[in-house]
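*Asks:* Sequence:
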Amino acid sequence: DEIAAISKAISILRSDDARDLLKRSLSSQGYSLLQAKTRNVATAKLVTISKVQSAASPFEKVITSIDSMIAILEKEEGTDLSKKEGCESARAEDTREAATISRSMDDLTDSITKLVSEIGELKVSIDEKNTEIVAIKEDLEKAKRIREDEHAEWVKTDADDRDAAELVGQAVAVLEKFYGGLALTQQKKGSKQPVEGMAAGEAPPPPPSTWETPYGGAQEENTGIVTILQMIQQDIEKDRTAATASETAAATAYGTFKTEGEQQITALEADISTLEGQISEKEMSVQGTTEDRLSAKAELDAVIAKIRESAPGCNFFTINYETRLKNRQTELDGLKKAKQVLQGASFTSA
Numbered sequence: 012d013e014i015a016a017i018s019k020a021i022s023i024l025r026s027d028d029a030r031d032l033l034k035r036s037l038s039s040q041g042y043s044l045l046q047a048k049t050r051n052v053a054t055a056k057l058v059t060i061s062k063v064q065s066a067a068s069p070f071e072k073v074i075t076s077i078d079s080m081i082a083i084l085e086k087e088e089g090t091d092l093s094k095k096e097g098c099e100s101a102r103a104e105d106t107r108e109a110a111t112i113s114r115s116m117d118d119l120t121d122s123i124t125k126l127v128s129e130i131g132e133l134k135v136s137i138d139e140k141n142t143e144i145v146a147i148k149e150d151l152e153k154a155k156r157i158r159e160d161e162h163a164e165w166v167k168t169d170a171d172d173r174d175a176a177e178l179v180g181q182a183v184a185v186l187e188k189f190y191g192g193l194a195l196t197q198q199k200k201g202s203k204q205p206v207e208g209m210a211a212g213e214a215p216p217p218p219p220s221t222w223e224t225p226y227g228g229a230q231e232e233n234t235g236i237v238t239i240l241q242m243i244q245q246d247i248e249k250d251r252t253a254a255t256a257s258e259t260a261a262a263t264a265y266g267t268f269k270t271e272g273e274q275q276i277t278a279l280e281a282d283i284s285t286l287e288g289q290i291s292e293k294e295m296s297v298q299g300t301t302e303d304r305l306s307a308k309a310e311l312d313a314v315i316a317k318i319r320e321s322a323p324g325c326n327f328f329t330i331n332y333e334t335r336l337k338n339r340q341t342e343l344d345g346l347k348k349a350k351q352v353l354q355g356a357s358f359t360s361a
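The sequence shown begins at 12 in my numbering and counts up by one.
Calculated directly from the structure, the hints in this document are not laboratory data. Certain hints may be false.
[To be verified] Derived BS3-like pairs: lysine-lysine, alpha-carbon spacing no greater than 30 angstroms straight-line:
#, residue 1, residue 2
1, Lys348, Lys94
2, Lys86, Lys72
3, Lys72, Lys95
Predicted, not measured: the structure shown is a model, and the values here were computed from it.
Given only the sequences and the hints, what does the whole structure look like? Please build it.
*Replies:* Written out as structure tokens, the structure is:
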């Protein structure tokens with residue numbers, strides 16, 4: 012309808028009578044006012060005020076103005092496309108960068124989580140080793156008390172055994188001295204002496220009828236008692252020797268147990284020191300990784316802020332591009348047809 016109206020208006024202006032009239036009018040006034048208004052454009056455009064200087068082509072400057080308008084519209088179309096593509100490209104690049112940074116932050120978060128978990132496991136291991144050290148020290152302290160009690164008991168028992176052996180030895184000595192002296196006396200008294208008034212080689216007189224001979228002691232029993240006491244003394248000495256050997260063995264065992272326990276403690280403390288070093292390293296890694304994540308977060312925030320800042324202008328071009336393109340094409344089409352009509356072309360309305 013718009014094109015038909017423009018064609019009709021131009022055909023009116025291009026009739027022979029109109030040409031003669033316009034020539035006369037333009038020759039006296041020199042100016043012509045032409046207004047064009049398109050229905051699909053938001054604002055009305057003042058097409059041109061042309062001064063006709065050539066009687067042969069009164070619409071030359073109008074056509075020139077139309078060409079200028081077409082060039083402007085085509086330039087605007089190229090600018091819109093460039094802005095749209097620039098926005099899309101920048102947004103895609105920013106989105107890719109944001110996604111890359113986000114993935115990097117996720118990796119850093121996973122690293123921090125893993126490090127924290129490993130630190131927890133190392134601390135549990137340290138706690139277990141400390142508990143083991145406490146148990147070993149308790150065992151050593153208990154063994155020390157037992158050893159001290161055993162040693163004190165041995166010292167007392169050994170002294171008692173020593174005194175008992177000496178006492179039995181004293182008893183044996185007394186008996187041996189007594190019975191030994193008595194036997195010597197009897198030997199002296201029991202030796203044969205010649206009887207007065209008795210010639211040599213004669214038989215002795217008969218023994219007396221009463222117990223007038225001195226007591227010589229129970230010689231057989233003497234031997235048995237002394238032997239028994241000596242056996243008792245030997246048993247005491249044997250027990251004492253065995254107790255001393257047991258004491259020595261117990262002291263050696265305690266010394267070995269103490270040495271091994273102290274060596275275990277030293278090894279566990281060395282392990283704990285190593286684990287604490289590992290914890291320190293991992294804590295430093297956590298700190299460094301956390302700082303890296305904060306830096307990545309700042310970068311991500313900057314990219315997101317950039318996307319948000321460009322959103323209003325970019326959204327206008329990306330959302331309205333097709334509509335603006337269609338309207339501009341319609342306007343260009345109308346101007347081009349108007350130019351053709353002014354140049355003598357004619358169109359049939361549908």
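*Asks:* Out of the numbered hints, which ones does the structure contradict?
*Replies:* Hint 3 contradicted; others consistent.
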